[in-house]
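Take a look at the letters that make up each chain.
2 protein chains.
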Amino acid sequence: MTEDSKTAKVVFQPSGRRGTFTVGTPLLDAARSLGVYVESVCGGRGICGRCQVAVSEGTFAKENLTSVADNLEGATEAETRYATLRNLPDDRRLSCQARILGDLVIDIPTDAQTNRQVVRKRAEAKHIDADSAVTLVTVSIVEPDMETPRGDIDRLREAIAVETGIGDLTVDPLLLPRVQTILRSGKWTVTAAVYVDASIQPTVTALWPGKKNAVYGLAVDIGSTTIAAHLCNLRNGRTVSSAGTSNPQIRFGEDLMSRVSYVQMNPSKLPDLTKAVRDAINSLIGKLVGDVGAERSDVLDATFVGNPVMHHLFLGIDPVELGGAPFALAASDAMVLPARDLDLELNPGARVYMLPCIAGHVGADAAAATLSESPYSHDEITLLVDVGTNAEIVLGNKDRLLAASSPTGPAFEGAEISSGQRAAPGAIERLRIDKETLEPRFKVIGVDEWSDEEGFSEKIDSVGVTGICGSGIIEAVAEMYLAGLITENGVIDGSMAERTQRIRSNGRTFSYVIADENIEISILQTDIRAIQLAKGALYAGVKLLQDKLGTYALERIRLAGAFGSYIDPKYAMILGLIPDCPLEGVSGVGNAAGTGARMALLNRGYRREIEQTVRDIEKIETALEPKFQEHFVNAMALPNKVDQFPNLRSAIELPERKEQPTTDASGGERRRRRRRG
Amino acid sequence: MTEDSKTAKVVFQPSGRRGTFTVGTPLLDAARSLGVYVESVCGGRGICGRCQVAVSEGTFAKENLTSVADNLEGATEAETRYATLRNLPDDRRLSCQARILGDLVIDIPTDAQTNRQVVRKRAEAKHIDADSAVTLVTVSIVEPDMETPRGDIDRLREAIAVETGIGDLTVDPLLLPRVQTILRSGKWTVTAAVYVDASIQPTVTALWPGKKNAVYGLAVDIGSTTIAAHLCNLRNGRTVSSAGTSNPQIRFGEDLMSRVSYVQMNPSKLPDLTKAVRDAINSLIGKLVGDVGAERSDVLDATFVGNPVMHHLFLGIDPVELGGAPFALAASDAMVLPARDLDLELNPGARVYMLPCIAGHVGADAAAATLSESPYSHDEITLLVDVGTNAEIVLGNKDRLLAASSPTGPAFEGAEISSGQRAAPGAIERLRIDKETLEPRFKVIGVDEWSDEEGFSEKIDSVGVTGICGSGIIEAVAEMYLAGLITENGVIDGSMAERTQRIRSNGRTFSYVIADENIEISILQTDIRAIQLAKGALYAGVKLLQDKLGTYALERIRLAGAFGSYIDPKYAMILGLIPDCPLEGVSGVGNAAGTGARMALLNRGYRREIEQTVRDIEKIETALEPKFQEHFVNAMALPNKVDQFPNLRSAIELPERKEQPTTDASGGERRRRRRRG
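Chains as they are written, first to last, in the UniProt record's numbering: chain R, 1 to 677; chain Y, 1 to 677.
Hints are computed from structural coordinates only; laboratory data are not their basis. Be careful, since some hints might not be right.
[Said to hold, decoys possible] A partial selection of chain R residues facing chain Y, derived with a Cβ cut-off under 7 Å:
{"#": "1", "residue": "Ala69"}
{"#": "2", "residue": "Asp145"}
{"#": "3", "residue": "Pro149"}
{"#": "4", "residue": "Ile153"}
{"#": "5", "residue": "Pro173"}
{"#": "6", "residue": "Leu176"}
{"#": "7", "residue": "Gln180"}
{"#": "8", "residue": "Asp341"}
{"#": "9", "residue": "His378"}
{"#": "10", "residue": "Asp616"}
{"#": "11", "residue": "Glu621"}
[What the hints assert, rightly or not] Here are the simulated DSSO-like cross-link-like pairs (lysine-lysine), alpha carbons at most 27 Å apart as the crow flies:
{"#": "12", "chain 1": "R", "residue 1": "Lys187", "chain 2": "Y", "residue 2": "Lys619"}
{"#": "13", "chain 1": "R", "residue 1": "Lys619", "chain 2": "Y", "residue 2": "Lys187"}
{"#": "14", "chain 1": "Y", "residue 1": "Lys212", "chain 2": "Y", "residue 2": "Lys269"}
Glycine included, every Cβ here is placed at the ideal spot set by N, Cα and C.
Next up, chain R with everything else stripped away, as it sits in the complex (with noise of 0.2 Å):
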């Protein structure tokens, strides 16, 4: 809270949006001033408690602010009565009546925004056979007698052992009270499951009476703003439902590094990160056994990717080792625990196989991609890159492997940028710029219709626009390139403003709006400069391994997450975002993360290919690496400096070079040559 001006800063989570409002403000009018969306139908008379949303506490580093609960105002007589008599929960407020005092991370709760989130993860449809860890063996031991007397749980593992040749059996201590029970509401005939894999002793983790068919296991994919779950049979490997979730960490910082500072300044909280993640996952489980009609009893099994900082989180360890050099795992090797002990609610007896991690920045998610792509069992060069705060970059074929992360930062998600905001309804995801008029035409996430169709003004009223997420803002930078409204070195060219009224000064820079009706969407230079870095870093990255591997050919471009399934290859080629390729070459491969994930759980052969690739894979530590720096600084220019893009510029007629190069380092470099020479 800033005392002298009486304002103050509020973030509003999960969409990251911030602004900064006069100390009195009521929060639902600070959220709708900023694009939130808080749902409210009693027109703000704290009535209806729709728009109920709970502060975040602690230091938030990246904010640069300390967010407390009585930073909002006291309830009022309303809130207080609805508080009464309709059960608000303890950290819950309601926004209409709720009035800014001081500094604050407000978290929009995801029950409030289930309407409205678009969760773009779902299950690839990709057929998987199934040989999982679990094993249902239904057999009928002899009755106890007393000439022979041994424990019922010692004769039911030998049977066990005689019908599957399951030597060294061990059973869950858990059943030792249930056992006697079930043996005999069976009547000495029962299933049981028997978990077996590679790197634990094969145990007896569940015991039903009579026979049992259906067994069920869980894939999940932690990513750092959505967690996508996927329930399998793990018979016939068939996927039988899907959800996900926003990530609820996000309350405690937007990115990866920011939940790291998050820790590191208040580190007993670390608990309530690694709980927000169970929870959510606690939740998705419900509704997945739910959709089937299972128990989460049914479920035996679950395998789990995410990047190290989520996999460090979901298991309880803290990642602040992660946050700076050398980035230090506490675990990157596959391994199988109890699922009891990560207070995950399936059968006491699951078990969770965590997929291994490749590096400090390159996480399970990664290992996940490349189970799923597969790059090591092909003749031609792949690249697949997982963007998202970081991108994850694979590079090889069957004789070679390669990874690498690059630090590209949130700018691709929506955040760092001055409209930006997630993938939700209200967002641009598709623009284009007309050459002739300069006028944009676009696409807003909820609605079918581009912005120059018939039907369009009449739905958007329902849905607003409310910024624009990355898949546009890729969009919208590469059409003002092409239109000639940004040079190849991404500077906004302000004598376009004769053009168009769009092109607007803001001082030493200019912008161009897209829309300016409630809310004014517009491209600032800032913006640009964020997705020059981070496309720069992405493409560095990849540069690096090309280099490392001896070769710059490329037959195979595999987007893989969310934004890659959702970003237009040719855009992001334009941008020089990925580098030269066959166009048809370059394909969004969806939640290849989850897709490894399935693939993992549902047969064990993937298990070990995975961990063998792992162990083969080359690691690249672009930090470490002096060639780094030359490959960024080229790939700021649109959309490159120095490398030519071939295939790119026979599909597409890219413009001429409207300045003359400013530094140019591969000549730098040949200067540098002939001095040593």
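We have chain R; now place chain Y onto it with these hints.
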């Protein structure tokens, strides 16, 4: 509560003494009238708080009563004041203030009687070579670096594998969140505890920064009456501290079968019994580690032995199946379990090794005693008897080993005896009767002098003569037999009243009065019957095993357990409690079960040895053997109706027979054989 007579039954635990009292009697008075020790120093004014007791609630089948807290009158003003000022726990009452309103089972808390309890279990001096399941390994690992980004825990696991040669090593998930801090605070040198035992996967169970030398283990014998625990140094095999406590489950039932029937009638209370024993063990652990200045976290391994009901209740398993044929054990084999799954307050990574149970009535305590005495490694035939509520019997040599149990009931422990009590100060433990005067002299626990020695009368005032314990009853009955006060059939000879006033008539039977001051302590005819039934059952079980083994030759008798250590072998043989054998071949071996538990704790070789022995041992169910009844009837006589006891007779002159046998089972047998021939 018996309504018409306005009286109520009250049972005091752990002594098991009981009586019927007029409604309105203060509890303290009731206790004192039974000789139950309850401390009180304020003269019953509700000030000192020493007379605290607790009501055990539930239906007690054996006592035929239902005990509820409301059967004590509400708190008086004095008790309310004490509770307010001095913090009286919710479940405690002051017995000087509380009046009896109805039937009650009253528990005198262990903390209130610590000064009074004699726990006769201690570690026997036996050297055991150390080869424990816990290996301490100090390793230095290379610091993490970005070029080889492997997880800290994975590099650690590799370093341990290299150092120890142990492959396939897993890490307890509990260490995951802590490994990075420990490695860094140890400056990359740490000591790991690695648990290696046959039945489980080698596991890193604990980790300390720097070097660590001391690591302890716990060996526990859970008896139905007392729990004995030993703390041992796992590296040198020394027992560094021992402690014992009453088994608090006693408030749910005095003997095993009472506890089983308590669980059967109050199934929701099963967790209470389990918690009671685990809490008591956790208190013992605190005392043991405190004795040597160690921490709970220094204890990495533990072994447990107990009879099958104790074994199951400790593991949280419903013991009801053990209450009736076929006496099915839930689990009999040896097991390694995480100590934390059993709520044990040790190092969080500590493991527990449960010794195997032999049969539904022959528990892990008998297995441990067998390990300790190792009859299977001798040429001579050994009889090993552990006398508790059930007598556990092992007979044989290196060629063949047999095991059985015999339902002796609790008479040997002083229960079911009119003046009986557990071994505690005030109990008569030794007794002689002058053959001429028929006057008794006795020794009381807590006073060193015999009752006819100088100093006794001064010292006895502080202790009182409160009852007669197991060893005292054995000697009393045997001495009465030697003095001619009872016949070989166990009938008190009323005609002896002519010679001593100590023989008194009680209607149709007689009794012998030992003491008659504050409390009358007598041996009634029913007491002798109870001892005959108990010793007959034990002897019949032994005889049955001798039949099976095909030889009655016997060179060694080993009496295990507290009772077995305190009875005089000669008197046991006079009574016909054990078969004839050279007297010098009979010895008490103390807490052999505890010794076996320590052996299994300290040396894994003993674990394999007892597992193999239990697999090989022949289990005989006495209840299934037609000859048992015949042996039992013969064994009711003193010392036996048919067996001649030549060794005993050569050492001691036994009285001549007073009566003609009314039945002669061996003669009957001969007659039947003749008819068949």
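Hints and how they fare:
Restraint check, Ala69(R) versus chain Y: the minimum CB separation of about 28 Å is more than 7 Å; hint violated. With a cut of 7 Å, the hint placing Asp145(R) at the interface with chain Y holds, because the nearest CB-to-CB distance is about 5 Å. For Pro149(R), the interface hint holds, the least distance from its beta-carbon to any beta-carbon of chain Y being 4 Å, beneath 7 Å. With a cut of 7 Å, the hint placing Ile153(R) at the interface with chain Y holds, because the nearest CB-to-CB distance is about 4 Å.
Taking 7 Å as the C-beta contact cut-off toward chain Y, the hint placing Pro173(R) at the interface holds, the least distance being around 5 Å. Here the hint on Leu176(R) is kept, as its CB sits about 6 Å from the closest CB of chain Y, short of 7 Å. Given the 7 Å rule on beta carbons, the hint for Gln180(R) holds: about 5 Å separates it from the nearest Cβ of chain Y. The restraint placing Asp341(R) at the interface with chain Y holds, with a minimum CB-CB distance near 5 Å, inside the 7 Å limit.
For His378(R), the suggested interface contact is broken, since its CB lies about 25 Å from the closest CB of chain Y, more than 7 Å. For the restraint placing Asp616(R) at the interface with chain Y, the shortest Cβ-Cβ distance is roughly 13 Å, beyond the 7 Å limit, so the hint is violated. Because the smallest distance between the Cβ of Glu621(R) and any Cβ of chain Y comes to about 4 Å, under 7 Å, the interface hint for this residue holds. The straight-line distance between the Cα atoms of Lys187(R) and Lys619(Y) is roughly 26 Å, inside the 27 Å bound, and the hint therefore holds.
Only pairs whose Cα atoms come within 27 Å are accepted, and Lys619(R) paired with Lys187(Y) is accepted, the gap being roughly 26 Å. Using a Cα cut-off of 27 Å, the hinted pair Lys212(Y) and Lys269(Y) is violated, with the two alpha carbons roughly 42 Å apart.
Violated hints, in rising order: 1, 9, 10 and 14; the structure is consistent with all others.
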